[in-house]
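Make the full structure from the sequences, and use the hints.
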Amino acid sequence: MAILEVKNLTKKFKDFTAVDNISFKLEEGEILGLLGPNGAGKTTTIQMLLAVLTPSSGEVTYFGKSIFEHRVEILERVNFSSTYINFPWEMTVRENLTYISYLYKIKNRKKRIKKIKNIFSLDKLMNKKIRELSDGQKTKINLAKSFINFPKVLLLDEPTASLDPDIANKIRKVLKNQRKEFNVSMIFTSHNMAEIEEVCDRVIFIDKGKIIAKDTPLNLAKSIKSAHVEFMGEEIDKIQQYCERNEINYEQEDNYIKVEVKEVMIPQLLKQLAVNNINYDEISIEKPSLEDYFLEVAKQDEENRT
Amino acid sequence: MKKIGLNRIYGIILRHTFQSMHSITRMMDTIFWPVIDLLLWGLTSKYIESSTVSIPNILLMVVSGIIFWMLVYRNQNMITVSMLEDFWNRSFMHYFVAPVKFWEYILGTLLFALSKLGLTFVLSIFIAFILYQTNLFVLGFSLIPFILNLLLTGWWVGFLVMGIILRYGSKVEILAWSFVAILSPFSAVYYPIEILPMWAQNIATLIPTSYIFEGMREVINEGILDWNKIIISFMLNTGYLILTLIYLKYCYKKVLNKGLVKVF
Numbered sequence: 139m140a141i142l143e144v145k146n147l148t149k150k151f152k153d154f155t156a157v158d159n160i161s162f163k164l165e166e167g168e169i170l171g172l173l174g175p176n177g178a179g180k181t182t183t184i185q186m187l188l189a190v191l192t193p194s195s196g197e198v199t200y201f202g203k204s205i206f207e208h209r210v211e212i213l214e215r216v217n218f219s220s221t222y223i224n225f226p227w228e229m230t231v232r233e234n235l236t237y238i239s240y241l242y243k244i245k246n247r248k249k250r251i252k253k254i255k256n257i258f259s260l261d262k263l264m265n266k267k268i269r270e271l272s273d274g275q276k277t278k279i280n281l282a283k284s285f286i287n288f289p290k291v292l293l294l295d296e297p298t299a300s301l302d303p304d305i306a307n308k309i310r311k312v313l314k315n316q317r318k319e320f321n322v323s324m325i326f327t328s329h330n331m332a333e334i335e336e337v338c339d340r341v342i343f344i345d346k347g348k349i350i351a352k353d354t355p356l357n358l359a360k361s362i363k364s365a366h367v368e369f370m371g372e373e374i375d376k377i378q379q380y381c382e383r384n385e386i387n388y389e390q391e392d393n394y395i396k397v398e399v400k401e402v403m404i405p406q407l408l409k410q411l412a413v414n415n416i417n418y419d420e421i422s423i424e425k426p427s428l429e430d431y432f433l434e435v436a437k438q439d440e441e442n443r444t
Numbered sequence: 059m060k061k062i063g064l065n066r067i068y069g070i071i072l073r074h075t076f077q078s079m080h081s082i083t084r085m086m087d088t089i090f091w092p093v094i095d096l097l098l099w100g101l102t103s104k105y106i107e108s109s110t111v112s113i114p115n116i117l118l119m120v121v122s123g124i125i126f127w128m129l130v131y132r133n134q135n136m137i138t139v140s141m142l143e144d145f146w147n148r149s150f151m152h153y154f155v156a157p158v159k160f161w162e163y164i165l166g167t168l169l170f171a172l173s174k175l176g177l178t179f180v181l182s183i184f185i186a187f188i189l190y191q192t193n194l195f196v197l198g199f200s201l202i203p204f205i206l207n208l209l210l211t212g213w214w215v216g217f218l219v220m221g222i223i224l225r226y227g228s229k230v231e232i233l234a235w236s237f238v239a240i241l242s243p244f245s246a247v248y249y250p251i252e253i254l255p256m257w258a259q260n261i262a263t264l265i266p267t268s269y270i271f272e273g274m275r276e277v278i279n280e281g282i283l284d285w286n287k288i289i290i291s292f293m294l295n296t297g298y299l300i301l302t303l304i305y306l307k308y309c310y311k312k313v314l315n316k317g318l319v320k321v322f
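Respectively, the protein sequence lines represent chains A and B. Counting in this note's numbering, the first sequence runs from 139 upward without gaps. Counting in this note's numbering, the second sequence runs from 59 upward without gaps.
Hints are computed from structural coordinates only; laboratory data are not their basis. Worth double-checking, as some hints may not be accurate.
Claimed, not checked - Restricting the straight-line Cα-Cα distance to at most 30 Å, the calculated cross-link-like pairs of lysine-lysine (DSSO-like) are:
(1) B:K316 / A:K348
(2) A:K253 / A:K243
(3) A:K203 / A:K352
(4) A:K346 / B:K316
(5) A:K243 / A:K276
(6) A:K150 / B:K229
(7) A:K266 / B:K174
(8) A:K145 / A:K346
So, in structure tokens, the structure goes:
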């Protein structure tokens, strides 16, 4: 049984449909990425998953029970982290974690807060007021807070936004460890595609409120046929002429050229360059990534609008 | 001397003008307080001037009026400001992404306000005694029904304002300080009801606090507690409390339709 199931979820704000009949499942221990351009409906979806926004229609069930009928029971086992919720600025980190711990049924609150402090390395921050923290530190506290009730499901809306790369990396490790240790299921939104590829088992791509793709990050990336081959060297002009002759897309700058070809055509391109005696000093091949998929969707979106 | 940039000053004026244009309550604020103050103190002065004989216990009546009115004002203000603080910090959602029920949130806020109010009340009585040698305890047992009714008024006004702010956001936050003041001229805090014009006296019959302040003056001057006034006040308070709680829950449901993330 799926730990979270969303069926035909729709949210309309007057004439505008923010989320349009979406359905998906989250399995136990799975990390599911929720992707999409700004305004795609990700935050609206997450709000409905938390019952802080009433859907126009559809169902959200956790552990086989509807969130709208068993909200209290379900939210004891679910938590949420987002940069758009803050903490009271004049209170310390410890005070914030303490009062939030009382919102849940937790047996030994002091012990749990101590554990959270250790997991997220918060020693130096515990007695600081929220207003004294950097954006990255606040993000970290927000994330730490979301673990306070031993959640079985975590909804993470851009959990590593504004974190330094090394701290973001540590956080990703913490998330993966928690999943491994406690089989926590997570829904994860991020604008960092590399992060999504690293962390998520599956990805749901939302655009204009609709799910336009559901798959593993690798398969979504593979659906983009084009790859990029970058060359550097003195004979770049010859590569450019070759591309123009064969109507191949490229971008050129000084001694650098980036050629766009289908992934399967790369060997043939390289062979043809060799046959034509075109030399280069360096080559790098960029396979299609999730980011390319994202950009492709955004590009199509832009084209449709114009 | 460095030159003053008129354009920059104009920019600042423009910023506040634009903000005011988007907030009717802030615009109202410019006429609201002068009207309330003129009504309140004008009527009080009229009462004192119209008395042919000296008013007995005037100091005790005014000081008791101030302390009793503070119970209503501070009570509703503490409830609504507690919620506003969460709006200002953008921390309101923390309660509702956790398994907190709406009524638990209300009860928690109310109990906190009550504890703070208790402290304020005791401190006010003490200060009034030290500065003016007025002892509110001369009201004796009648203090209990008076205070209970004033607390109920503070709660329903607080819940009404809370509902309005919840629904329309912090652009109407000024109501947390001003709304209850509308009741004060009709409550006859410092003067008897008969000083009011007839239309205002009719309105006063619907305001629970008017019975309490009238009753308070009767206890001070005649030593008699009119239970009828207490009961009418209690019934009105209970009715308004039920209605405002229904309104508050309705506003919360409305807010859930647009999403709690948009509440601030």
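Taking the hints in turn, this is what the structure says about them:
Of the pairs offered as hints, the one joining B:K316 and A:K348 holds, with about 19 Å between alpha carbons and a cut-off of 30 Å not exceeded. Between A:K253 and A:K243 the CA atoms are separated by roughly 16 Å; this keeps the pair inside 30 Å, and the hint holds. Note on A:K203 and A:K352: the hinted pairing holds, with a Cα-Cα distance of about 24 Å set against a maximum of 30 Å. Taking the CA atoms of A:K346 and B:K316, the gap is about 18 Å. The hint holds against a cut of 30 Å.
Our distance criterion of 30 Å between C-alpha atoms is met by A:K243 and A:K276, whose separation comes to about 24 Å. At most 30 Å may separate the alpha-carbon atoms for a hinted pair to count; A:K150 and B:K229 meet this at roughly 25 Å. Restraint check for A:K266 and B:K174: the C-alpha separation of about 26 Å stays at or below 30 Å, so the hint holds. Between A:K145 and A:K346, the direct Cα distance comes to roughly 18 Å. Compliance with the 30 Å bound is thereby established for this hinted pair.
Hint violations for this structure: none, all hints satisfied.
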